[in-house]
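Undergrad: The residues making up each chain are set out below.
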Amino acid sequence: MTTDKFLARPASLVLYFLLSIASASAQQVTQVSGTVTSEDGAPLDGVSIIFSEKHSKGTITDKDGTFRLSVPPGGRHIEFSLLGYAPQQLPITGAGPYNIHLKKGGEIGLDGVVVVGYAQQKRSTTAGVVSTINAVALKDIHGAGFNERLQGITPGLQISSNSGVEGGSALVRLRGATSINAGNDPLYIIDGVAISSTPLQTLGQGGQTTNPLADINPNDIQDVQVLKDANATAMYGSRAANGVIIITTKRGDRNGKTKVALNTEYGWGHYPKLWSLVTGPQHAAIINQAYLNDGGAPSGLPFPVTDTIGTYDRLHLIFRTAEQTTNNIEVSGGNGKTKFYLGGDFTNQQSILKLQDFQRMGFRVNIDHTLNKSLTIGVSTSYTYTKRSLSPNGDTGGILNTGLHTPTLTPIFKPDGSYNNGERFNNPYILFANNNDHAYGKHLIANGYVKWRILPNLSFRSSWSLDNNDYHEFVYYNANLTSGKSTSGRAIDANTSNVTWIGEQVFNYNVAFNSKHNLSVFAGNTLQKSTYQSASITGTNFPSISFSAISSAAIVTGSTTGDINAGLISYFAGANYSYDDKYIFDANLRTDASSRFGANNRWGRFPSLGAAWRIGEEKFIKQHLTWVDELKLKASLGWTGNQNIANFASEGLWSGGNNYQDNPGIAPSQLANPNLKWETTRQWDLGLQAGVLNNRLRFEFNYYDKQTSDLLLSVPIPAKTGFTSIYDNVGAVSNKGFEFEIASTNISNKNFQWTTTFNIAHNQNLVTKLPTAFTQYNRDWVKLQQGYSMYSFWLYKQLYVDPKTGNAVYQDVDHDGKITTADRQIVGNAFPKFFGGFSNSLSYKNFDLNFFLYFSQGNKVFNMNRYFQEHAGNRGTSWSMQASMLRAWKKEGDVTDIPRLTNKANPDGSFNHNFESSRFLEDASFIRLKNVALGYTLPARITNRVGIERLRAYVNVTNLFTITKYSGADPEVNVAQDYSNQTVQGLDFSMAPHPRTINIGLNVTF
Amino acid sequence: MKTSTITRNFILVVLGSAVVAVASCKKTFLEVSSAQNISDNVAIVDSASALTATLGVYDGLQNSYYYGGDGLAAATFLSSGDGLWVGTLNYYNDFTTHAYRSDNTLLYRIWSQIYVTINRANHVIAKVPALDGKLISDTKKNQYVGEAYVIRALAFFDLGRTWGNIPLVLNPTSDPSDVKGIQQSNQQQVYAQVEQDLLAAEPLLPAGVNRNRITQNTVYAFLARLYLYTKQYDQAETYATKIISNSNYSLIDWNTFINNKATNESIFELQFTTADPSSHNGSWSSVNYRNQFCPNKGLYNLVQDPSTGGDRKALIRDVSTPAITNYFVQQLYWRTNGDNPTYIFRLAEQYLIRAEARLNKPAPDYTGALQDLNAVRQRAQVTALTFKDSPTLQSDILAERRVEFALEPQRWYDLVRTKTAATAISLTDTTKYIFPIPYNDLAADPDLHQNPNY
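Chain order of the listed sequences is A and B. Using the UniProt record's numbering, you'd call the opening residue of the first sequence number 1 and step up by one each time. Using the UniProt record's numbering, you'd call the opening residue of the second sequence number 1 and step up by one each time.
In case anyone wonders, no lab produced these hints; they're calculated from the structure. Accuracy of the hints is not assured; some may be wrong.
Straight line, CA to CA, 25 Å or less: simulated DSS-like cross-link-like pairs of lysine-lysine [stated by the list, open to error]:
(1) A:Lys736 <-> A:Lys833
(2) A:Lys833 <-> A:Lys818
(3) A:Lys797 <-> A:Lys904
(4) A:Lys619 <-> A:Lys582
(5) A:Lys904 <-> B:Lys432
(6) A:Lys63 <-> A:Lys442
(7) A:Lys904 <-> B:Lys297
(8) A:Lys769 <-> B:Lys180
(9) A:Lys387 <-> A:Lys442
(10) A:Lys818 <-> B:Lys432
(11) A:Lys736 <-> A:Lys818
(12) A:Lys103 <-> A:Lys63
Computed list of chain B residues with no C-beta within reach of chain A, every gap over 10 Å [unchecked claim]:
(13) Val32
(14) Thr88
(15) Gly298
(16) Asp311
(17) Asn360
(18) Gly368
(19) Thr386
(20) Ser390
(21) Ser395
(22) Asp396
(23) Thr423
(24) Tyr433
Please read all numbers here as calculations on a predicted model, not as lab measurements. Here a beta-carbon is modelled for each residue, glycine too, at the ideal position from N, C-alpha and C.
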């Protein structure tokens, strides 16, 4: 467009006129100055100030919050940003002085500087897929561990809490599962410290494990970043194949007013649904019927009279209304040089299942101190003490087994009034009185750093961390309990500790040149060393139940592991380059050496590349699609690793402890594989991010493709070798899927705000290469096989119950007329096809309302309770029966899914009951209203009178309803928590359902 | 101190420590070792380590799936028709009903544990003879190798009589490729290898009496059993006689035998201690806990009957109540602290082997056979039998074995060996006489082939 034509239009003329004034005035300004303060007027130190157009000459505020900088030609807007504050941009209208007030906010504004791992870059120029979750979003959600609270918040992060036991473990999978034997948990980083998500638990609790991340007080968390694509994760190299979750805790405000915030909450939990069992007479009648069906003589009926048999309910005895309290206090503030955050926490959560409690006490100290203009030092320290009361799940001692699996015809009391034990399970009252199973955790996570600003745009950060986790377990099965009876009591006392030391040095450099080029680079090194050790002592033959100290046991045995060390050395570097804020390129490289691998393959290299195009910044969009605020296309490709296998997995080993006649014996325990190396995941990602209508509607869509090869696999080898497996790099797993998220600000005015977010993700997991298929878990429920997904169930597929004979008909895969092992096949898997969340947040004047739905579609659960409890009498009076047994086929013409009652084999060799039938594999899709919270904030004019800045009262209800076809008590369960790297999922056996809780609480800020 | 000095000093300290840390890198961080394990090549190096490796072979026998508990003993006991499954794990029930399939979890565990034991023995057999004579005496070398040979023979024998067709691995494994191509041998070939190992072991072993370790006498007792299985009755008689005529062994009073350890009854008794317990007591149903399996009513009645059981009635107790029926508790592994021995070779078996051998040898010795049978009966305070005819005596001997070894894994093999399973327990399908090769191993080992009809 020529000037002439431009001038020819009157409207344009006006615009031109205005612009000329603006630019003229801007051009006249050569220097600007001013002060940056927080909302309450305290000067802010270290605020980064840059020109939006030019990145060449930025500056930072000094300790009085003042700044002064020269305006380069073309500089028209300045941006202010500081971590923990919402950034601000404003046009230069004169030399100032400008008085800028930065608003506090965890959420970094649209164009703020974000720190992602080691990288510092503008949010608009990040090309990686990173979700940042503000702690506010997690606040009202139930869960002792913060990771449980992330469920459904961000797409692609699949979280499933394994049971309703407080402080219990959760399954966390980001973009599927990449590995079979080397672990699938994401890497967790808390304030720069990589912490372990593997529990230190050594005593079996019947498959149940505890959640080590419950050691972190959720109230201390400022925000959580979830790094998903390889571009974002590659800087964590060898441990990043399953994604990275970075937790940043709260810090104080410099020159802020000292603030005290209290949060107190009290709640009650109850079970939403339990199992339905047969009555005593029904139990007896079923045994009778099976006896007759199997050809028994009517004269010899096992229960000649069934009417007089009683029904004894234990299920409702073992549950209770759980009481839960949470108390948090935080004090934060600072002066010109120092800022601090102190957090205190006392949480006490009973489980709805009796005997199981979780308590956490902890405090946190975060301090930052500015020595001088170029040096900042600081610490982040937290110490947590946890105490758990436990009761194992299992055939022998379990509490849920006592309630659920003892037959309802077994009296609880003997005629003489004393307690009556079932054939297999403890009497509930005996269990309540004698259970003694506890775990005590002490967890210190400390980090200290020095940050040296060598030049305004070059900094060096040295960080030193210690993670010291101690876990003490004590369990005493006294002689009254089935587990302790045969040995006159049995007690185990185990102490386990893991100490990790990390030293990390990182340089960061930012440079802008020729007004349009912007480059940010980092380079660094990490050294990490862990020492694990565990010692346990077992005592049996106690003089009486009054003695529980192992010193009083007649037979005492013990074992120790000694120190088990693992080390990791890493070097990494990365660059982020952007041109004109439109074209963005990222590159990262990390190299790691792990002590776990053979000398031949110690080092692994993990590169990544990413690019983004901010189409929204292009003229054609800006001019024609003015309602588009952001449109960004991203692509990335990268390699990450996994080394999370047993220490010494590559070495040929002999172990001690293979003794005979109490003399030491040794035996080979592992075959060597000196070529063992990293498992590598190659991931590419294509994403589109958009914001429209003044960013009131924001979308993000990502498609990814992850291919994991050289799987670190404990491969089955012929038993004739004397071993059943060897660690080897074979096999490959693929995960492909998409994630979609939409966030909308529906209404936003002075009195009423309403925002909605919805996210959904799909992941297709596939074992693409596995030379030898192998089965897992007791009874081989699960099978890993090439061409199928992980977590696949291996069963005899029940087609129907023959209405004529009443026998179950199974698919005869090899058509030989017989049901043999060859007919056992993969029928479904535990992965959901889709999962996600839907949340709404509304506020009207002083009221706020949030509700949050989580859904999971297409996941299967193997209902092992039914497998045991639909036993047609062959477990006699040793095991209870579910009410579904009443649906069993009775006469010709009956159409049902439960076959005829018989303990004999069918003509084809199969069985109707106690058979690995697909009948017990159920669709466990569900939609759950996880949370509804309603709050009211007292008007400030009232609270201010009594010196309270803010007072909010709230009530929240978790787990209000669940819509599911699953017949068990809860579709979100797994009993195989401690089994082989959690490769067995979706097994439901004696797991407590998630509670429905009602909490009332108060937030007070002074 | 000036600002710049503080900065400088600080940075020097930090950078200094970083440099020191990085410099110490490789050694500190990557060269780690375990306090629990040692490397392959330093396992068997001298007299002391050869002994520990040999004891490790015995430890292989002690495994709960082998002679230490509810594996092989349970599978064969339940298959014999004398057991009752009362537990949770229905793969045990598959044996009582002879419905065992290839995917029976227990079978794979037993199978692989026996091969673990074989590999341990192979290490001793291959490595101990190569040790420098300055570091270990020849006597010890011979003893350890001899012991390993006998345990390997026992393992092959158990595999052969249980599964029929099994791969014979004669060298230690250091890499999975070492065993590639080793096909299954049939039962006859397996028994030939057992014989060869036993004959190789005999001259290497000490001659004296040691009831918890393997000696030449163990070899004799084992050969007697092997020749009974291979129907080489003359040799069976010869070797049984070597034991019976040895005054260190005697048929002591039944109660003395089961209430004590390492009595004159025992030829080779696998020892367990409170620190290294047997899991037999816990895996059977006990008074305290109704676990996986127990003897059934038929067997209980048999041992209680004075004309068949005698003192052996102490083996099984009936603790049934009106609510819990068929609750029988075994009393062979009665010690609750777990130090119950497992009887692998004991004298009564040698008497009954000789009885059967004398009866079946080309020139039958009925009187001798009857004497041997009655020796066992009279020890248990059961009246002596008289000779009627040869088939009756044969069935009397088998009946005696059933009671005498009521809770020991003999009955199933007797039924299969003498082809009497059809008449005794109505098991007519002879393909069930050997167990299926475990599914998981078939999948892992391309050299393996399934037994017929599984």
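Undergrad: Each hint: holds or not?
TA: Taking the hints in turn, this is what the structure says about them:
no., hint, verdict
1, A:Lys736 <-> A:Lys833, "holds, 12 Å"
2, A:Lys833 <-> A:Lys818, "violated, 34 Å"
3, A:Lys797 <-> A:Lys904, "holds, 19 Å"
4, A:Lys619 <-> A:Lys582, "holds, 11 Å"
5, A:Lys904 <-> B:Lys432, "holds, 17 Å"
6, A:Lys63 <-> A:Lys442, "violated, 38 Å"
7, A:Lys904 <-> B:Lys297, "holds, 20 Å"
8, A:Lys769 <-> B:Lys180, "holds, 22 Å"
9, A:Lys387 <-> A:Lys442, "holds, 9 Å"
10, A:Lys818 <-> B:Lys432, "holds, 15 Å"
11, A:Lys736 <-> A:Lys818, "violated, 38 Å"
12, A:Lys103 <-> A:Lys63, "holds, 18 Å"
13, Val32, "violated, 4 Å"
14, Thr88, "violated, 5 Å"
15, Gly298, "holds, 16 Å"
16, Asp311, "holds, 25 Å"
17, Asn360, "holds, 34 Å"
18, Gly368, "holds, 37 Å"
19, Thr386, "holds, 38 Å"
20, Ser390, "holds, 38 Å"
21, Ser395, "holds, 29 Å"
22, Asp396, "holds, 32 Å"
23, Thr423, "holds, 21 Å"
24, Tyr433, "holds, 17 Å"
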